[in-house]
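> For the sequence shown, our numbering begins at 91 and goes up steadily by one.
Honestly, I wouldn't trust all of these hints.
[To be verified] Mimicking EDC-like on lysine to aspartate or glutamate, the simulated pairs with C-alpha atoms at most 20 Å apart in a straight line are:
(1) Lys-263 <-> Asp-328
(2) Lys-263 <-> Asp-289
(3) Lys-188 <-> Asp-289
(4) Lys-188 <-> Asp-266
(5) Lys-410 <-> Asp-321
(6) Lys-379 <-> Asp-289
(7) Lys-410 <-> Asp-328
(8) Lys-379 <-> Asp-345
(9) Lys-188 <-> Asp-130
(10) Lys-379 <-> Glu-396
(11) Lys-188 <-> Asp-146
(12) Lys-410 <-> Asp-306
Read the hints as simulated data drawn from the structure, not as lab findings.
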Amino acid sequence: MRLSPPTLLGLAGALNAVRAEAAYSLCNTYDQSNFFDSFDFFTSPDPTRGFVEYVDQKTARQAGLVGNGVANNSFIMAVDSQTVNPTNGRRSVRLTSKDSFTRGLFLADIVHMPSSTCGVWPAFWMFGPNWPSSGEIDIIEGVNTQSRVAITLHTSPGCTVTNQGSVASTRLKTADCGANGSSGGCSQQTGGAAANYGDGFNAGQGGVYATEWTSDHIAVWFFPRASLPPDVAAGQPDPSSWGMPLARFSGCDMDSHFFNNQLVFDTTFCGDWAGNPGVWAADVTCSAKAATCQDYVAANPGDFREAYWEVNSVKVFQQKSTQQPRPPYGSSPPQPPPQSTGTTYPGYRRAAHKPMRWRS
Numbered sequence: 091m092r093l094s095p096p097t098l099l100g101l102a103g104a105l106n107a108v109r110a111e112a113a114y115s116l117c118n119t120y121d122q123s124n125f126f127d128s129f130d131f132f133t134s135p136d137p138t139r140g141f142v143e144y145v146d147q148k149t150a151r152q153a154g155l156v157g158n159g160v161a162n163n164s165f166i167m168a169v170d171s172q173t174v175n176p177t178n179g180r181r182s183v184r185l186t187s188k189d190s191f192t193r194g195l196f197l198a199d200i201v202h203m204p205s206s207t208c209g210v211w212p213a214f215w216m217f218g219p220n221w222p223s224s225g226e227i228d229i230i231e232g233v234n235t236q237s238r239v240a241i242t243l244h245t246s247p248g249c250t251v252t253n254q255g256s257v258a259s260t261r262l263k264t265a266d267c268g269a270n271g272s273s274g275g276c277s278q279q280t281g282g283a284a285a286n287y288g289d290g291f292n293a294g295q296g297g298v299y300a301t302e303w304t305s306d307h308i309a310v311w312f313f314p315r316a317s318l319p320p321d322v323a324a325g326q327p328d329p330s331s332w333g334m335p336l337a338r339f340s341g342c343d344m345d346s347h348f349f350n351n352q353l354v355f356d357t358t359f360c361g362d363w364a365g366n367p368g369v370w371a372a373d374v375t376c377s378a379k380a381a382t383c384q385d386y387v388a389a390n391p392g393d394f395r396e397a398y399w400e401v402n403s404v405k406v407f408q409q410k411s412t413q414q415p416r417p418p419y420g421s422s423p424p425q426p427p428p429q430s431t432g433t434t435y436p437g438y439r440r441a442a443h444k445p446m447r448w449r450s
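Full structure from sequences and hints, please.
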């Protein structure tokens, strides 16, 4: 069928209207100026049973675990790299945003993440109240000597996804996101040439992780520092121009399974995933160092000097037609964070050598 010029113009106008409606505008910025005032320090026992002691802000500052970057306008979250055989686990921090969000575009500009070191389990993730009924999105997560990130969703029963639209190098390991099922969430293991986790990520001076959460899908991109898209560098992100994401989840009713999520940074040690006997034994590098993860982490504090986060900013964008108040929905975030998440692996989560790279 041939369309007349007026009809073509009408279609062009409609497409432009859709693009305008989907455009994102900046809603929240967390950076050196406000990050530690905008996030709460979690001090309860680690829900994943890690060999870790999460400390409060005063203790963390005194120990040099948190502070501002010296070379960059960044902020730092580190772990204890001095104490031998710590009684209560190796000291670290876990920070949870006071704001919560439903849908949006989340850009994390990260210079350095915890290294690919045996026993280390870092994560940048999101979760909501009454876990898992309001969902969990694990954006950056891995353990031990891993070199590629695992991206995982956890939900209440009834959410099954596909990875249609993900890059070809990413593998969907499990499709059932129901956290109480046998799968422990739906996970996509990334691959490809670009190092997106741990030592490889740090060698390239990091980059930007972008997460788009809509009613239709949840998608995650990684842009290495040397190849940031111009729109991201300019602070005007347009996901429609980025190409295929590292991981894309769709096919589930996202609105009923994900809402009111808070942002989290943490680093734990060992626990249900990194310290799982089967996982430890399967890593020939780690299992050659000690019989168990806890034995290794307790005895070798100096090996964790590179187990720190250095972040320039986390920026949250909302579609212009659906911007939310600050904090979103005008409600306080759920307190406290969930105390038990069972034994599922990817999905949860720094303490006191003070490197010269930052100041507390």
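> Work down the list of hints and note, for each, if the structure agrees.
Taking the hints in turn, this is what the structure says about them:
Annotation: proposed proximity of Lys-263 to Asp-328 is violated, straight-line Cα distance about 29 Å (limit 20 Å). Taking the CA atoms of Lys-263 and Asp-289, the gap is about 24 Å. The hint is violated against a cut of 20 Å. Restraint check for Lys-188 and Asp-289: not satisfied, since their Cα atoms lie roughly 30 Å apart, outside the 20 Å limit. The straight-line distance between the Cα atoms of Lys-188 and Asp-266 is roughly 30 Å, outside the 20 Å bound, and the hint therefore fails.
The straight-line distance between the Cα atoms of Lys-410 and Asp-321 is roughly 17 Å, inside the 20 Å bound, and the hint therefore holds. Between Lys-379 and Asp-289 the alpha-carbon distance is near 19 Å, which keeps this suggested pair within the 20 Å criterion. Distance restraint check for Lys-410 and Asp-328: the Cα-Cα separation of roughly 13 Å lies within the 20 Å cut-off, and the hinted pair is therefore satisfied. Taken as a hint, the Lys-379 and Asp-345 pair is broken in the structure, with Cα atoms around 45 Å apart against an allowance of 20 Å.
Under the criterion of a C-alpha separation no larger than 20 Å, the hint pairing Lys-188 with Asp-130 is consistent with the structure, at around 7 Å. Between Lys-379 and Glu-396, the direct Cα distance comes to roughly 18 Å. Compliance with the 20 Å bound is thereby established for this hinted pair. Taking the CA atoms of Lys-188 and Asp-146, the gap is about 15 Å. The hint holds against a cut of 20 Å. For the proposed pair Lys-410 and Asp-306, the alpha carbon gap of about 17 Å is at most 20 Å, so the pair holds.
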